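Protein chains: 2
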Amino acid sequence: MLLTNILDGYRLILASQSPRRSELLRGLDLKFEVIVRPDIIEDFPSSMKPEEVPQFLALQKSENYLDLLDEKTIIITADTIVILNNKILGKPVDNEDAISIISQLSGNMHEVVTGVCIRSKNKVKEFCAVSKVWFKNLSHEEIDYYIKNYKPMDKAGAYGIQEWIGYVGIERIEGSFYNVMGLPVQAVYNELKDFV
Amino acid sequence: MLLTNILDGYRLILASQSPRRSELLRGLDLKFEVIVRPDIIEDFPSSMKPEEVPQFLALQKSENYLDLLDEKTIIITADTIVILNNKILGKPVDNEDAISIISQLSGNMHEVVTGVCIRSKNKVKEFCAVSKVWFKNLSHEEIDYYIKNYKPMDKAGAYGIQEWIGYVGIERIEGSFYNVMGLPVQAVYNELKDFV
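Chains as they are written, first to last, in numbering that gives the first Met the number 0: chain A, 0 to 195; chain B, 0 to 195.
If you are wondering where the hints come from, they were derived from the structure by calculation, not from laboratory data. Owing to the predicted nature of the structure, the values given are computational and were not obtained by experimental measurement. One or more hints might be untrue.
[To be verified] Pairs of lysine-lysine residues, derived as DSS-like cross-links and limited to a Cα-Cα distance of at most 27 Å, are as follows:
#1 K150/B / K30/A
#2 K122/A / K150/B
#3 K131/A / K30/B
#4 K150/A / K30/B
[Claimed, not checked] Ranges between beta-carbon positions, derived for each pair:
#5 S99/A / K131/B: 51 to 61 Å
#6 N84/A / D69/B: 47 to 57 Å
#7 E32/A / S45/B: 47 to 57 Å
[Unchecked claim] Derived, one-sided and incomplete: chain A residues facing chain B with beta-carbon distance under 10 Å:
#8 L1
#9 L2
#10 L27
#11 F31
#12 Q59
#13 N107
#14 N121
#15 Q161
#16 N189
Ideal Cβ positions, reconstructed from N, Cα and C, are used throughout, including at glycine.
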């Protein structure tokens with residue numbers, strides 16, 4: 000059966016303020032609502048491996064919505080990070096930080112990891128997806144142009160693969176493209192099918 | 000220097016009727032026109048290796064626009080094919096053919112090859128890009144739903160990675176995502192920089 004029919008009678012909630020995640024979930028032709036509450040403080044044990052962090056944070060975020068849940072309500076939360084040389088690169092704090100982050104990605108391969116948590120009243124499922132991304136050597140001029148014109152302050156790793164810098168600078172990827180955008184929709188589709 | 004400045008004073012023409020190629024080239028923040036003439040008959044030697052065909056056809060297409068060219072005019076032509084088990088899968092001729100093509104892609108890895116030709120009056124450069132794409136096992140219902148709702152008759156391999164079937168069905172890729180959409184923009188950007 001098609002997922003859209005399987006989910007008939009369910010209330011699906013995407014708890015994320017990212018317009019990209021909404022766009023990606025819409026791409027599955029599913030009906031859902033977006034509900035966003037102020038983020039709880041995102042914290043994780045300092046001993047945790049970088050690639051385990053997004054799944055941990057996605058679960059933590061879902062705990063902020065428990066009162067909304069019943070047997071027929073499913074909530075999706077997610078967290079995306081960029082990992083370079085085993086170090087997490089988060090969202091930039093200002094322009095200078097964005098320049099520094101993209102300069103580190105330039106000429107290198109990094110990993111994008113998205114953790115996803117799917118939750119109903121009695122069930123919870125977490126998983127994550129990893130994609131590898133190769134940037135060409137970017138010039139200072141290219142990095143400046145991107146940051147001035149696209150202001151990637153809301154983006155992990157200070158870039159959007161669907162923006163100019165992704166067109167100009169990304170030589171290849173391995174894994175899910177949509178994961179790099181913020182939600183591994185193919186995996187979400189599979190997991191939702193198994194969930195209900 | 001930024002490519003947009005390097006191309007200042009040049010007339011850039013995209014000779015393709017694909018709205019996706021226009022969208023992708025626009026993503027490079029370049030000014031260009033779209034000019035499309037009726038296609039010449041696309042023909043290639045039967046002994047030619049499948050992966051060499053798109054580049055051959057892109058060059059052939061560019062010969063249809065020679066009268067437009069001068070030193071300050073650059074024309075881009077492209078051709079995209081899908082290769083499965085060393086066999087070219089073209090655009091579907093009807094619904095039944097689309098079902099047959101997607102059924103062959105289901106559960107398998109295929110290659111998407113785009114050949115590109117960049118040409119001015121005195122210079123011509125051809126190249127191609129190869130991306131690998133892995134489809135999950137698609138159900139008959141999923142294939143039917145896609146073809147009915149998205150009518151992929153204008154697409155090589157009978158699918159668009161940026162449509163529902165790409166969201167639902169593609170597990171991973173290796174290479175350029177935008178190449179799978181129809182134009183390897185990162186390579187086009189590099190080649191245009193070297194061209195002028």
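Now the hints, each set against the structure:
Restraint check: the Cα-Cα separation between K150/B and K30/A comes to about 22 Å, which is no more than 27 Å; the hinted pair holds. As the CA atoms of K122/A and K150/B are separated by approximately 37 Å, the hinted pair breaks the 27 Å bound. A threshold of 27 Å between alpha carbons decides the hint, and for K131/A with K30/B the separation of about 31 Å lies outside it, so the pair is violated. Annotation: proposed proximity of K150/A to K30/B holds, straight-line Cα distance about 22 Å (limit 27 Å).
Range check, S99/A to K131/B: Cβ separation about 33 Å, and the 51 to 61 Å hint is violated. The hinted range of 47 to 57 Å is satisfied by N84/A and D69/B, whose Cβ atoms lie roughly 49 Å apart. Checked against the hint of 47 to 57 Å, the pair E32/A and S45/B passes, with Cβ atoms roughly 55 Å apart. The closest approach between the C-beta of L1/A and any C-beta of chain B is roughly 6 Å, which is under the 10 Å cut-off, so the hint is satisfied.
Given the 10 Å rule on beta carbons, the hint for L2/A holds: about 8 Å separates it from the nearest Cβ of chain B. For L27/A, the interface hint holds, the least distance from its beta-carbon to any beta-carbon of chain B being 5 Å, beneath 10 Å. Restraint check, F31/A versus chain B: the minimum CB separation of about 14 Å is more than 10 Å; hint violated. Evaluation of the Q59/A hint against chain B yields a violated restraint, the C-beta minimum of about 27 Å exceeding 10 Å.
Interface restraint check: N107/A against chain B, minimum CB-CB distance 15 Å, threshold 10 Å, status violated. Against a cut-off of 10 Å between C-beta atoms, the interface hint on N121/A is violated, since the closest Cβ of chain B lies about 26 Å away. With 10 Å as the threshold, the beta carbon of Q161/A comes within range of chain B, its nearest partner Cβ sitting at about 8 Å, so the hint holds. Taking 10 Å as the C-beta contact cut-off toward chain B, the hint placing N189/A at the interface holds, the least distance being around 8 Å.
Checked against the numbered hints given earlier, the structure breaks hints 2, 3, 5, 11, 12, 13 and 14 and satisfies all the rest.
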